[in-house]
Amino acid sequence: MEKRLTYNIQIERDEDGLYVVSVPALPGCLTQGRTFDEALKMAQDAIFEFISVLVDRGKRIPVEKSRISPFVVSI
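Residue 60, in the numbering used here, is where the sequence shown stops; the numbers in between run on with no holes.
Hints may be right or wrong, so weigh each one.
Pairs of lysine to any residue, SDA-like flavour, derived with a Cα cap of 20 Å [claimed, not checked]:
{"#": "1", "residue 1": "-12", "residue 2": "36"}
{"#": "2", "residue 1": "-12", "residue 2": "51"}
{"#": "3", "residue 1": "26", "residue 2": "44"}
{"#": "4", "residue 1": "50", "residue 2": "35"}
{"#": "5", "residue 1": "-12", "residue 2": "11"}
{"#": "6", "residue 1": "44", "residue 2": "31"}
{"#": "7", "residue 1": "26", "residue 2": "-7"}
{"#": "8", "residue 1": "50", "residue 2": "-11"}
{"#": "9", "residue 1": "-12", "residue 2": "33"}
{"#": "10", "residue 1": "50", "residue 2": "0"}
{"#": "11", "residue 1": "44", "residue 2": "34"}
Just so you know, the hints here were simulated from the structure itself, not pulled from any lab data.
Put together the whole structure using the sequences plus the hints.
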């Protein structure tokens, strides 16, 4: 059975102009992209892979406690 999960993300631009993405509900789940759109795509991939590792290891999958919006942007 497929389950849809939604996570808030935070996107910030670093000093080199890269968009850095973190997922507060998944500590350690980080990625980046050269463009905003690339960062969003990389975030989807990072969340999927992060959760896949948790499943493979038999770990609990954290669930987002609040739903602010599909993503949170800090620029």
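A quick look at each hint next to the structure:
1. -12 - 36: Holds - the C-alpha atoms of residue 36 and residue -12 are around 12 Å apart, at most 20 Å.
2. -12 - 51: This hinted pair holds, its Cα atoms lying about 18 Å apart.
3. 26 - 44: Roughly 25 Å separates the two Cα atoms, so the pair is violated.
4. 50 - 35: Distance of about 18 Å is within 20 Å: holds.
5. -12 - 11: Roughly 17 Å separates the two Cα atoms, so the pair holds.
6. 44 - 31: Given pair residue 44, residue 31 holds - Cα atoms ~17 Å apart, limit 20 Å.
7. 26 - -7: holds (14 Å)
8. 50 - -11: holds (15 Å)
9. -12 - 33: With a Cα-Cα distance of about 12 Å, the restraint between residue -12 and residue 33 holds, given a limit of 20 Å.
10. 50 - 0: Violated, at roughly 31 Å.
11. 44 - 34: holds (14 Å)
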